[in-house]
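Q: Using the sequences and the accompanying hints, generate a full structural model.
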Amino acid sequence: MRLLIAIIASVALLITEYRSERLMPLRASLSVLTDPLKYFVDLPISLFTHASEALTSYETLKKENGVLRQEQLINKTQLLKFEALEKENIRLRALLENSFKLGEQVLIAELLSINLAPYEHIMVVNKGTRFGVHQQQPVLDANGVVGQVFRALPFSSEIMLITDPNHAIPVQVNRNGLLTIAVGSGISNQLNLPYLPNNADIQPGDLLITSGLGGTFPAGYPVGVVDDFPQTSNKSITHITATPKALLDRNRELLIVWSNSTPVPLTTPMIKTPAPHE
Amino acid sequence: MNNEYSSVRIFVTLLFAMCLRIVSLPESLALFNPDWVLLVLMYWSMAIPERVGISYAWGFGILTDVLMGRLFGQYALAYSLIVYLCLIWHRQLRQFPLPQQSAFVFGCLLISQLLLFWFENLKAPAQLHGSFWLPVLSGTACWSAVYYVMRSIRRL
Chain Z
1 MRLLIAIIAS VALLITEYRS ERLMPLRASL SVLTDPLKYF VDLPISLFTH
51 ASEALTSYET LKKENGVLRQ EQLINKTQLL KFEALEKENI RLRALLENSF
101 KLGEQVLIAE LLSINLAPYE HIMVVNKGTR FGVHQQQPVL DANGVVGQVF
151 RALPFSSEIM LITDPNHAIP VQVNRNGLLT IAVGSGISNQ LNLPYLPNNA
201 DIQPGDLLIT SGLGGTFPAG YPVGVVDDFP QTSNKSITHI TATPKALLDR
251 NRELLIVWSN STPVPLTTPM IKTPAPHE
Chain R
1 MNNEYSSVRI FVTLLFAMCL RIVSLPESLA LFNPDWVLLV LMYWSMAIPE
51 RVGISYAWGF GILTDVLMGR LFGQYALAYS LIVYLCLIWH RQLRQFPLPQ
101 QSAFVFGCLL ISQLLLFWFE NLKAPAQLHG SFWLPVLSGT ACWSAVYYVM
151 RSIRRL
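These protein sequences, in sequence, are chains Z and R. Just so we're aligned, residue 1 is where the first sequence starts under this note's numbering, counting upward by one. Just so we're aligned, residue 1 is where the second sequence starts under this note's numbering, counting upward by one.
For the record, the hints were derived by calculation from the structure and aren't laboratory data. Glycine included, each C-beta is placed from N, C-alpha and C at the ideal position. A few of these clues could be false.
[Stated by the list, open to error] Only pairs whose alpha carbons sit at most 20 Å apart, straight line, appear in this in silico EDC-like list of lysine to aspartate or glutamate:
{"no.": "1", "chain 1": "Z", "residue 1": "127", "chain 2": "Z", "residue 2": "83"}
{"no.": "2", "chain 1": "Z", "residue 1": "76", "chain 2": "Z", "residue 2": "158"}
{"no.": "3", "chain 1": "Z", "residue 1": "127", "chain 2": "Z", "residue 2": "110"}
{"no.": "4", "chain 1": "R", "residue 1": "123", "chain 2": "Z", "residue 2": "158"}
{"no.": "5", "chain 1": "R", "residue 1": "123", "chain 2": "Z", "residue 2": "21"}
[What the hints assert, rightly or not] So the derived label-pair ranges between C-beta atoms look like this:
{"no.": "6", "chain 1": "R", "residue 1": "12", "chain 2": "Z", "residue 2": "57", "range": "56 to 62 Å"}
{"no.": "7", "chain 1": "R", "residue 1": "27", "chain 2": "Z", "residue 2": "89", "range": "41 to 47 Å"}
{"no.": "8", "chain 1": "Z", "residue 1": "247", "chain 2": "R", "residue 2": "110", "range": "48 to 54 Å"}
A: Right, dumping it as C-alpha cells:
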C-alpha cells in the first residue's frame, strides 16, 4: 500500500517536472537541506587550498605580485584602446542603424569540488539565486566560455559545461565570420563541429568565438581553437573538433555574466544604464 | 536500543552516504562510485524493517534527487521499490550468508540502475557509455564492507 503511494507520488513528480518548471520552488526549498552537504564535502579541499595559500612564502608572493602588476598594466593600456574602439563601433553601427549591446556585469563564483554524475559535465558553484544568479546565464573564465547555468538553487548553482554531450553553443570563426554550432563531445577538452558544409573555409588553429545568436551567450567571447584535422578533398568524412579555450577542469574561480538584454537605441545619445541585478 | 538514539544513527549514516555520493574523486575512480545511499537504506530496511521503511526510502530518494540534480522523483521511485523488495524478504535475507546477500544486492542495484537509465534517457537522450553500469558491480563488491560497518554501528 505504502509502496503504491510512493510510486504514484514519484511518477506524478517525474511527469510534472518533465513537462514544466513548476517544481523549481520545491527543489529550491529542499536544496536548503542538501546544499550544506555539498559545502561539507567541499570543506577539506577548500581548507587545503586556503592553507597552502596561507603558507606560500613572501618571496613567491612578491614575485607573483610583480607579474600580476605587469599584466594589469598591459591589460589597462589595452582597455584604453578598447574603450575608444567600442565608441567607434557604436558610432559605426549607428550609421548602419543597427543596435548595440552594452557591456556585461560579472560575479565571481567559486567551484565546489564535488562530483554529481561522472557521465555528465556539470559543475557546482557556490553562488545561487541569493546572488541573483538565474538559469541560462553564461559562465566564463579568464580564457573563454565555460558553460551556462543549468539550474540555479538558493545557495549553489549547477553549471553545464560546453563539453557536456547535451550542450550546444552557436559559434563563429573569428577569421572569416563563418557561423556554426559547437556541440559538446562528452570528453573533457573536446568540442565537435558536426554542422559544417563540405566546402567550409575552416583551418586548424582557427579561433572560434561566440556568435551571439540564440541570445544566451553574448557575442565575441573566445570558445575554442580548431584542432588539427587531415586536409583531404572531401571534408565531410573528416570529423572536425576543437579544444575549448577555458581551462574547464583546472579552474576554481568562474565568472557568471549578466548581459544587458535591452539593446541601446542608437538614435538617442548614449546613456550608460546600470546592468540589472536580476 | 533506545529509539531516539537509533533514528539519530539512521539519519547520520544516510547523510554520510549522501556525502560519499558526491565526493570528488579522480575521473577513473568516480566512474565506480556506487550508490551508497541505496546500500545503507537496504541495510537498515533488512536490519530494522519496523523502523526504516518505504517512507524513509522515498524521503531520502527525494533528497538525493535534489542533491544530484536529477529529475524529481527518479531516485525516490527506485529507492522505494528496492526497499520494498528488502522488506518482503528481510527474514530470508538475514539468514543468507554474505555471498548470497551480495547476489541479491546485485539484483537490486541492477533494477535501480535500469530505472535510472530509463529516466536519464527520458530527460535527454544522452550518450550513456557502458561505464554507466559500473556502479552496480562496485556496489555489489562493497556490500560486505557496508554490511559489517553498518552492523558495528548498529550494535554500538
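Q: Hint by hint, note whether the structure agrees.
A: Now the hints, each set against the structure:
1. For the suggested pair residue 127/Z and residue 83/Z, the alpha carbons sit about 30 Å apart, so the restraint of at most 20 Å is broken.
2. Taking the CA atoms of residue 76/Z and residue 158/Z, the gap is near 33 Å; set against the 20 Å cutoff, the hint is violated.
3. Between the alpha carbons of residue 127/Z and residue 110/Z the distance comes to roughly 8 Å, so the proposed pair stays at or under 20 Å and holds.
4. Proximity of residue 123/R to residue 158/Z is assessed by CA-CA distance (about 16 Å); at most 20 Å being required, the pair is judged to hold.
5. For a cut-off of 20 Å, the pair hint linking residue 123/R to residue 21/Z stands: about 13 Å separates their Cα positions.
6. Checking the proposed 56 to 62 Å range against residue 12/R and residue 57/Z shows it is violated: the Cβ atoms sit about 41 Å from each other.
7. Range check, residue 27/R to residue 89/Z: about 43 Å between beta-carbon atoms, so the 41 to 47 Å window is met.
8. Roughly 38 Å separates the CB atoms of residue 247/Z and residue 110/R, a value that falls outside the hinted 48 to 54 Å.
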